Amino acid sequence: AQKVTQAQTEISVVEKEDVTLDCVYETRDTTYYLFWYKQPPSGELVFLIRRNSFDEQNEISGRYSWNFQKSTSSFNFTITASQVVDSAVYFCALSEAADYKLSFGAGTTVTVRA
Amino acid sequence: GAVVSQHPSWVICKSGTSVKIECRSLDFQATTMFWYRQFPKQSLMLMATSNEGSKATYEQGVEKDKFLINHASLTLSTLTVTSAHPEDSSFYICSARGTVGPGNTIYFGEGSWLTVV
Numbered sequence: 014a015q016k017v018t019q020a021q022t023e024i025s026v027v028e029k030e031d032v033t034l035d036c037v038y039e040t041r042d043t044t045y046y047l048f049w050y051k052q053p054p055s056g057e058l059v060f061l062i063r064r065n066s067f068d069e070q071n072e073i074s075g076r077y078s079w080n081f082q083k084s085t086s087s088f089n090f091t092i093t094a095s096q097v098v099d100s101a102v103y104f105c106a107l108s109e110a111a112d113y114k115l116s117f118g119a120g121t122t123v124t125v126r127a
Numbered sequence: 131g132a133v134v135s136q137h138p139s140w141v142i143c144k145s146g147t148s149v150k151i152e153c154r155s156l157d158f159q160a161t162t163m164f165w166y167r168q169f170p171k172q173s174l175m176l177m178a179t180s181n182e183g184s185k186a187t188y189e190q191g192v193e194k195d196k197f198l199i200n201h202a203s204l205t206l207s208t209l210t211v212t213s214a215h216p217e218d219s220s221f222y223i224c225s226a227r228g229t230v231g232p233g234n235t236i237y238f239g240e241g242s243w244l245t246v247v
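Residue numbers (our numbering), protein chains in the order written: chain Y, 14 to 127; chain U, 131 to 247.
Hints were generated in silico from the structure; no laboratory data involved.
Model, not experiment: these values are computed from the prediction.
Do not rely on the hints blindly, as some may be mistaken.
As the list claims (entries may be wrong) - List of simulated lysine to aspartate or glutamate pairs, EDC-like, C-alpha gap at most 20 Å:
hint, chain 1, residue 1, chain 2, residue 2
1, Y, Lys114, U, Glu240
2, U, Lys196, U, Asp218
3, Y, Lys114, U, Glu189
4, U, Lys171, Y, Glu57
5, Y, Lys114, U, Glu182
6, U, Lys171, Y, Glu23
7, U, Lys171, Y, Asp35
8, Y, Lys16, U, Glu189
9, Y, Lys51, Y, Asp31
10, Y, Lys83, Y, Asp42
11, U, Lys185, Y, Asp112
What the hints assert, rightly or not - One side of the interface only, derived from the structure: several residues of chain U facing chain Y at Cβ under 10 Å:
hint, residue
12, Leu174
13, Leu176
14, Phe221
15, Ser225
16, Glu240
17, Trp243
Said to hold, decoys possible - Sample of chain U residues lacking proximity to chain Y, with all beta carbon distances greater than 12 Å (derived):
hint, residue
18, Ile142
19, Cys143
20, Gly146
21, Thr147
22, Val149
23, Glu152
24, Asp157
25, Gly183
26, Glu193
27, Phe197
28, Leu198
29, Asn200
30, Thr205
31, Thr208
32, Thr210
33, His215
Glycine included, C-beta positions come from ideal geometry on N, C-alpha and C.
Generate the whole structure from the sequences, applying the supplied hints.
Printed below as a string of structure tokens:
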């Protein structure tokens with residue numbers, strides 16, 4: 014069974030629009046970590062955030078914000094006032110227990126048009 | 131900050147040959163490293179877990195005799211694709227679990243693009 018579901022395959026927006034990427038996860042562990050990564054065309058994974066299962070506080074970092082809701086097993090990511098440089102594939106990932114193996118979602122391709 | 135470096139970034143090899151990809155932790159000791167594979171327009175899939183000084187643990191469906199992993203030191207893990215074929219063409223990326231930083235952080239290398247012709 015897929016542990017991380019990113020239902021949106023592709024999202025296209027015009028610059029300055031907000032975009033929200035959904036992530037739903039599945040785990041039986043009480044201790045786990047959730048991640049978001051950005052992957053530009055060059056391929057490297059750019060770390061955006063890590064959240065542990067005991068910290069449901071939402072976080073804002075510049076134009077990025079994350080909404081973690083354990084009740085719905087979701088960890089959504091919003092880019093506010095999108096820019097062309099935000100165009101990339103975004104992955105949500107889950108690490109269960111303490112093994113630090115990551116299960117990645119399918120990824121969401123975000124295209125921001127000028 | 132911690133850096134994980136992969137080499138080579140790009141490699142083209144002939145079908146039937148073997149190719150080695152290195153993953154190095156540059157400023158920390160990595161007790162555990164992970165190798166992932168990503169086919170075009172797909173997600174990243176874990177191939178194996180590499181532990182320093184012991185045999186790698188492979189995920190289901192990954193051929194251990196084809197993808198040889200060696201983690202001989204706390205700063206280096208290597209992935210060797212043996213007898214490579216065009217279907218092995220993919221993006222290979224490693225990650226390292228560091229023992230410093232907040233809560234044992236995971237660091238990713240830059241990735242290696244393998245093309246088998």
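(message) Could you work out which of the previously given hints the structure breaks and list their numbers from low to high?
(response) No numbers; nothing is violated.
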